[in-house]
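Enquirer: Once you have looked at the hints, place chains F, B and G on chain H.
One-letter residues, chain by chain:
4 protein chains.
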Amino acid sequence: MAHTIKEKAKLLARVRRIRGQAEAVERALEAELGCGDILMLVASMRGAINGLTAELIEDHIRHHVVNPDADPDADRARGAAELIDVVRTYLK
Amino acid sequence: MAHTIKEKAKLLARVRRIRGQAEAVERALEAELGCGDILMLVASMRGAINGLTAELIEDHIRHHVVNPDADPDADRARGAAELIDVVRTYLK
Amino acid sequence: MAHTIKEKAKLLARVRRIRGQAEAVERALEAELGCGDILMLVASMRGAINGLTAELIEDHIRHHVVNPDADPDADRARGAAELIDVVRTYLK
Amino acid sequence: MAHTIKEKAKLLARVRRIRGQAEAVERALEAELGCGDILMLVASMRGAINGLTAELIEDHIRHHVVNPDADPDADRARGAAELIDVVRTYLK
Chain H
1 MAHTIKEKAK
11 LLARVRRIRG
21 QAEAVERALE
31 AELGCGDILM
41 LVASMRGAIN
51 GLTAELIEDH
61 IRHHVVNPDA
71 DPDADRARGA
81 AELIDVVRTY
91 LK
Chain F
1 MAHTIKEKAK
11 LLARVRRIRG
21 QAEAVERALE
31 AELGCGDILM
41 LVASMRGAIN
51 GLTAELIEDH
61 IRHHVVNPDA
71 DPDADRARGA
81 AELIDVVRTY
91 LK
Chain B
1 MAHTIKEKAK
11 LLARVRRIRG
21 QAEAVERALE
31 AELGCGDILM
41 LVASMRGAIN
51 GLTAELIEDH
61 IRHHVVNPDA
71 DPDADRARGA
81 AELIDVVRTY
91 LK
Chain G
1 MAHTIKEKAK
11 LLARVRRIRG
21 QAEAVERALE
31 AELGCGDILM
41 LVASMRGAIN
51 GLTAELIEDH
61 IRHHVVNPDA
71 DPDADRARGA
81 AELIDVVRTY
91 LK
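Protein chains in written order, with the working numbering: chain H, 1 to 92; chain F, 1 to 92; chain B, 1 to 92; chain G, 1 to 92.
Just so you know, these hints were derived from the structure itself, not from any lab. Treat the hints with care, as some may be off.
A pair holds if it fits inside one copy or across any two, identical chains being indistinguishable in the list.
Below, in silico cross-link-like pairs of lysine to aspartate or glutamate (EDC-like), each with a Cα-Cα straight-line distance of 20 Å or less [to be verified]:
id	residue 1	residue 2
1	K6	D69
2	K10	E55
3	K6	D59
4	K92	D71
5	K6	E55
6	K6	D75
7	K6	E32
8	K92	D73
9	K8	D71
10	K8	E23
11	K8	E58
12	K8	D73
13	K8	E30
Okay, chain H solo, but in the shape it has when bound (with noise of 0.2 Å):
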């Protein structure tokens, strides 16, 4: 895990702004929000999760099967770039 610094220091923002969410969900429980607007903060959370989601399985794929911007065997690497591709589609 954690490929660069970079990149952990991008997933860390995520994973914290995620906790952040948590956190305000937490308030507006207690503080007895109305549903409809704890409803649209956990659809963020959730939102804020696929984003992770998408970032980690694209570093994965990136250091620990193929780099698609470094592999020599060019079939494999649009192979791979196509893959992060739909990684993206079904996660956004």
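Expert: The following block gives chains F, B and G in isolation, referenced to the frame of chain H:
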């Protein structure tokens, strides 16, 4: 929101568990655990968010739309019960 | 189900579009198109199913639970309108 | 696409099942079945699409990126196997 003390306690327990899962992902990233392990932690956090969402929507239906166990209109009560089943199916 | 003629026509148009998308995926597999292209067809079929689901749930709420535009109880009407917004957010 | 005759046959069987499910939803709408029943048909069609997607992505990884059962580089083979596990977890 938070329609009965018991429901509020259950929702708070769910969201605190999600916050704890976010903290576990953060520690796993800092400790540079394997990608596969981190992705499994994130997948279980996503499952917990789906569970929280389903419970919030169900509580919203019961308290702000139609309570299937108490509505005097039998058709409407059945419609609300079916709706709760559908929400559970889609978010399980 | 199928609460007004207009709604029924819209739902049928959506499901026929999904059937057409399944047929396009079938032809693409038979013609041995690239994986990336086939996965994009499948992703758009999944989006169409989410749209159909959201419309079915919205129609169900309007006709079998509470119609937010016609219910005499203002709180319940607002609760149903919020619920429809949530369903759209989660399935868009 | 369609990397072996056996895989192609399995994918075609999956997509034909999805087309059949779309036809069943169409008939159910025309016959004005209950909303709850129609939504359950649509939910099972969505499950079938997730299964097709997972299989397409897995076949893509095996044939166009890295085959975990045949790659001479053990680290890369393990990375690809973990990736396939993650895809199955997210799309099951």
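Enquirer: Sort out which numbered hints this structure fails and list those numbers smallest first.
Expert: Per hint list: 4, 6, 8, 9 and 12 violated.
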